[in-house]
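Taken in order, these protein sequences are the chains called A and B. Remember, the numbering used here sits 79 above the position in the first sequence when you count from 1. Remember, the numbering used here sits 79 above the position in the second sequence when you count from 1.
Hints are supplied without guarantee of correctness; some may be wrong.
Chain copies aren't distinguished; within one or between two, either way the pair holds.
Said to hold, decoys possible - In the PhoX-like style, the derived pairs of lysine-lysine whose C-alpha atoms are separated by at most 20 Å in a straight line are:
#: 1; residue 1: Lys422; residue 2: Lys82
#: 2; residue 1: Lys490; residue 2: Lys82
#: 3; residue 1: Lys499; residue 2: Lys82
#: 4; residue 1: Lys422; residue 2: Lys490
#: 5; residue 1: Lys429; residue 2: Lys499
#: 6; residue 1: Lys429; residue 2: Lys490
Bear in mind the hints are in silico, worked out from the structure with no lab data behind them. Keep in mind that this is a model prediction, so the values were computed, not measured.
2 protein chains.
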Amino acid sequence: MLKLNRSFASAFVAEDELVSYMDERADVLARCQAGEDRYADSLGWLSVDEWASDAILDRTCALAEQIRSMADTFVVIGVGGSNNGSRSVQAALAPEGARLVWAGNTLSAWELNRVLDELEGHDVVIDCIAKNFETLEPGSSFRLLRQYLVERYGREEAARRIVCTGTIGSPLEDLCRAEGYTFVPFATNVGGRYTALTEVHLLPMAVAGVDIRALVAGARTMERLLRTAPAGENSAFAYASARNMLWDRGYRVELLSFFEPRFRWFSKWWEQLFAESEGKDGRGIFPAAAECSEELHSLGQFVQDGTHILFETFLDVLEPGAGDSLVLGGTDVADAFGYLDGKDFWDINKASFTATREAHAGMLPCFTLELDRLDEEHMGMLFYWFAFACYASGELLGVNPFDQPGVEAYKRLMFDALGK
Amino acid sequence: MLKLNRSFASAFVAEDELVSYMDERADVLARCQAGEDRYADSLGWLSVDEWASDAILDRTCALAEQIRSMADTFVVIGVGGSNNGSRSVQAALAPEGARLVWAGNTLSAWELNRVLDELEGHDVVIDCIAKNFETLEPGSSFRLLRQYLVERYGREEAARRIVCTGTIGSPLEDLCRAEGYTFVPFATNVGGRYTALTEVHLLPMAVAGVDIRALVAGARTMERLLRTAPAGENSAFAYASARNMLWDRGYRVELLSFFEPRFRWFSKWWEQLFAESEGKDGRGIFPAAAECSEELHSLGQFVQDGTHILFETFLDVLEPGAGDSLVLGGTDVADAFGYLDGKDFWDINKASFTATREAHAGMLPCFTLELDRLDEEHMGMLFYWFAFACYASGELLGVNPFDQPGVEAYKRLMFDALGK
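The shape of chain A in the complex, shown without the other chains (with noise of 0.2 Å):
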């Protein structure tokens, strides 16, 4: 289960404050509960069923099978919305399925050519995510790599070995007919940062691994709680409240804060998640990340004693899993670390957590989001949490969470320069 620990953040968001908020804004939460008529058509998320039903988990499941029946290497052609879910847990849990390559999400020439490099002596499938087929960095490196398995199969064998993830009725999903290649539908009613829980992602994860069935399991059970607890007992709420509290107090960037470093890519989810839902109309919490123990030793002192304008969430994982022990033995040098002999690595970095969040507690706001167990189960538990989270607090602070209109004004320069 996740829980949402706020007890280190209750020096700065006092608890009745905080459920007064609550209590006083309870329509907001009945209305995200419900899904509004206003948001129709990005909503498609918050009914894990709608685009994660036993059916469709089926079919991705026999899907991944089949590729990895030819494949050792799955390259997702994705960017944004369509990478960092499926990245965030293959970083997170491993699997040991698949490799999966990540492609179309940058322009550098010197990346493309080391992701080239990475296909050399194995097999592989590509799938290229685009949910409009207009993006420049996806639609470039599908260009490549097409290219590239032409030349390598031949084409017949190339389309064999193209997926493609797009909207029903999109010139993505013509040239999938037209071509031969494999066609996975894009959700329709959800934005690219709303789609952990979609095809986009469930297909990578299976090709790598992943129990997906057991991922979409945890979020149908954070969908039920978050969709029926009320105010004062939905902790999603609570956190999406507290958040808005503080920005109303002045305080304008929230760090997630880990102490196992595979959250790296979940917290770039989570950056995108937040930045393009409430960062608009000169508005909104910069995201930002802390890889502990290592940003300890970078971020750390900014953090105590810097700037007051930072408050931070903690993901905790209270149990160990497979993996999660490394036994420090004793040594026969003199050194300055014999208080260490015969200590677990899994409780030193507990150590260094807990000191560091009373520490920093001292100074600021400090949220905790525990997880029983860094698992499939948990991952889905997470994505739902703070997209339900994210929909909640950009209502609360009075922004559309769904839209993102800041991000044209770049790419129509681009496309001008492009020649487009």
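Let chain A serve as the given structure and place chain B on it in line with the hints.
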């Protein structure tokens, strides 16, 4: 050469205001150029030759050659100031010497188990970098990896495969003498985050195959420029001045943005430099990074349209190097990307950068640090330029740029919890 392009910030920081600001504070620049007595124990980096003389470079290259004759894998056991510099250069230049593996920068058992996996089947030498040899991450990793070497090679051979970089006269030096480890001196009068141009980093770089003589030559060039150029012509002082003018106007976050993702680890070096140097006494600009073009699809919306607390500094490489070219061929399938036919990704990526800067500059101040090339010489220039700018910036902000008192609180709590 490095050049600071301020033209995309001038709508927010008018050139005449900036020039006046600098002229009025010419004494601050003069003090930084000379080096202040009050910081004498921290200014060893100001004269590059003090810790990177030709004699030191010769010694470092000889040791690196010896290490490479024994090992294809060199484990750098260090954190923060002890690994960010060499990791920046390894990632940016991808040199073809020994593989570097990073340890001593985490307490996560999962990560450390992964490090141990990465050593299997390789010939290994380790380098424990610890100025005071009390920091938990390198101390515990050193114990773990020393034990690994002893079990694998036997005590005598293990000793030949251990390098320690520590302060002369420290317990770490005593340990080296007693056990027969190779000892490398840690620059005594340089704080961790300012050590990029000392043996702390030059040794790992040299082992990795970096031309450290070219890198130091670049730093020396930059030193000559910055320590002699008067206020009006000093680009590092202009940057320091402009960011403090923006601080005075309420800007609270600086985003270091770059379109070559191989600057990722350099951005971590930069974040540490500014977060630790300026984030104190309730002051300081929060440093964050955007790895473009990918993070245009996550942070871009916020940058363009969110809370007005951001300014942006771009790193721009002007000339392509080896590996920076990749031409996109035509295609025989119908897609909407015909306008890319025959274009080089180098140019497509540039179009994305220039469009982004133009769009962002309409909303927030944008500086560009232009590098002619991405090579050793320019990495050396970057390290010196930012270090000098950070010293001056801290002075303008009115903080001590060389201490980090704010990290003591969590350390005390952590050592208590661990029974130290």
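Structure-based check of all given hints:
Taking the closest pair of Cα atoms, Lys422 and Lys82 never come within 20 Å of each other, the shortest separation being 28 Å inside a single copy and 51 Å across copies. Taking CA atoms no more than 20 Å apart as the test, Lys490 paired with Lys82 passes in neither setting, with 40 Å inside one copy and 27 Å between copies. In this assembly of identical chains, the alpha carbons of Lys499 and Lys82 never lie at most 20 Å apart, being 49 Å within a copy and 32 Å across copies at closest. For the homomeric pair Lys422 and Lys490, the shortest alpha-carbon distance between copies (18 Å) is at most 20 Å, but the shortest distance inside one copy (53 Å) is not.
Taking the closest pair of Cα atoms, Lys429 and Lys499 come within 20 Å of each other only across two copies (15 Å); inside a single copy the shortest separation is 53 Å, beyond that limit. In this assembly of identical chains, Lys429 and Lys490 lie within 20 Å of each other by CA distance solely across copies; the values are 13 Å between and 44 Å within a copy.
This entry does not satisfy hints 1, 2, 3, going by the numbered hints stated previously.
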